[in-house]
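Novice: Sequence:
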Amino acid sequence: MNYTIEHKDNIVIFDIKNKTIESNISADLKARMLIVAQPDIDALIINMSNVEAIDSSGLGALLLANRQLSEHDIPIALVGVTDFVRSLMNMTKIDEIFDFYDTVDEALEDLKSKEDE
Numbered sequence: 016m017n018y019t020i021e022h023k024d025n026i027v028i029f030d031i032k033n034k035t036i037e038s039n040i041s042a043d044l045k046a047r048m049l050i051v052a053q054p055d056i057d058a059l060i061i062n063m064s065n066v067e068a069i070d071s072s073g074l075g076a077l078l079l080a081n082r083q084l085s086e087h088d089i090p091i092a093l094v095g096v097t098d099f100v101r102s103l104m105n106m107t108k109i110d111e112i113f114d115f116y117d118t119v120d121e122a123l124e125d126l127k128s129k130e131d132e
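Counted the way the numbering used here counts, the sequence shown spans residues 16 to 132.
In case anyone wonders, no lab produced these hints; they're calculated from the structure.
Among the hints, a few may not be true.
Stated by the list, open to error - In silico lysine to any residue, SDA-like type, Cα no more than 20 Å apart, as pairs:
#1 Lys-45 x His-87
#2 Lys-32 x Glu-67
#3 Lys-23 x Ile-50
#4 Lys-23 x Lys-129
#5 Lys-32 x Ala-68
#6 Lys-108 x Leu-78
#7 Lys-34 x Lys-23
#8 Lys-34 x Glu-67
#9 Lys-34 x Thr-19
#10 Lys-127 x Asp-55
#11 Lys-32 x Phe-99
#12 Lys-32 x Gly-95
#13 Lys-129 x Asp-88
#14 Lys-23 x Pro-90
#15 Lys-129 x Val-100
#16 Lys-108 x Gln-83
#17 Lys-45 x Asp-55
Said to hold, decoys possible - Computed spacing ranges between beta-carbons, pair by pair:
#18 Asp-70 x Glu-130: 31 to 37 Å
#19 Thr-118 x Asn-25: 15 to 21 Å
#20 His-87 x Asn-17: 27 to 33 Å
#21 Asn-39 x His-87: 18 to 24 Å
#22 Phe-115 x Thr-19: 19 to 25 Å
#23 Ile-112 x Asp-57: 15 to 21 Å
#24 Glu-37 x Glu-124: 28 to 34 Å
#25 Ser-128 x Ala-68: 20 to 26 Å
#26 Asn-105 x Glu-130: 25 to 31 Å
Values in this document were obtained by computation on a predicted structure and should not be read as measured data.
Don't be surprised by glycine CBs; every beta carbon is placed ideally from N, CA and C.
Please put together the full structure from these sequences, using the hints given.
Specialist: Shown next, in the form of structure tokens:
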């Protein structure tokens, strides 16, 4: 699995570089989500701009991150989700769980403004 992790203040930006998230890499993605989705962060941004397709195991990795952080009221933002991936999320109602943004900067700005409230 190809990815980068960046920290802006106490917000983690997880940038997925793979074009597809399928069962062959979703176990690695789940393991990485368990590492970064800790209660000591303020938010998690998952940049999915490169992701063209995702299967149920990939969606499961996103849900795992949500489960890890939701009990601590830590938001997860999904960035750059393609129409195809978004339609899959819509069919499974997963899109109701996450906030969606076009760019990482847009997500950072919104998350930081919510912190200040």
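Novice: Against the range 28 to 34 Å, how does the distance between the Cβ atoms of Glu-37 and Glu-124 compare: consistent or not?
Specialist: 32 Å, holds
Novice: Below or equal to 20 Å on CA atoms is what counts here, so check Lys-34 against Thr-19.
Specialist: It holds: about 14 Å lies between the C-alpha atoms, which stays within 20 Å.
Novice: Lys-23 and Ile-50: Cα distance at most 20 Å?
Specialist: 17 Å, holds
Novice: Does the structure keep Lys-108 and Gln-83 at a Cα separation of 20 Å or less?
Specialist: Roughly 19 Å separates the two Cα atoms, so the pair holds.
Novice: For a C-alpha distance cap of 20 Å, please report whether Lys-23 and Lys-129 respect it.
Specialist: The given pair, whose Cα atoms are some 15 Å apart, holds under the 20 Å limit.
Novice: For a C-alpha distance cap of 20 Å, please report whether Lys-23 and Pro-90 respect it.
Specialist: Cα-Cα ~15 Å, so holds.
Novice: Under the criterion that the straight-line Cα-Cα distance not exceed 20 Å, is the pair Lys-45, His-87 satisfied?
Specialist: Distance of about 19 Å is within 20 Å: holds.
Novice: Holds or violated: are the alpha carbons of Lys-34 and Glu-67 at most 20 Å from each other?
Specialist: 5 Å, holds
Novice: Is the straight-line distance between the alpha-carbon of Lys-45 and that of Asp-55 20 Å or less?
Specialist: Holds - the C-alpha atoms of Asp-55 and Lys-45 are around 18 Å apart, at most 20 Å.
Novice: Does Lys-108 pair with Leu-78 here, judged by a C-alpha cut-off of 20 Å?
Specialist: 11 Å, holds
Novice: Do the beta carbons of Ser-128 and Ala-68 sit within 20 to 26 Å of each other?
Specialist: With Cβ atoms ~32 Å apart, the hint is violated.
Novice: Keeping to a limit of 20 Å between CA atoms, is the pair of Lys-32 and Glu-67 held or broken?
Specialist: Holds, because 10 Å separates the two Cα atoms, which is no more than 20 Å.
Hint violations for this structure: numbers 7, 15, 21, 25, all remaining hints satisfied.
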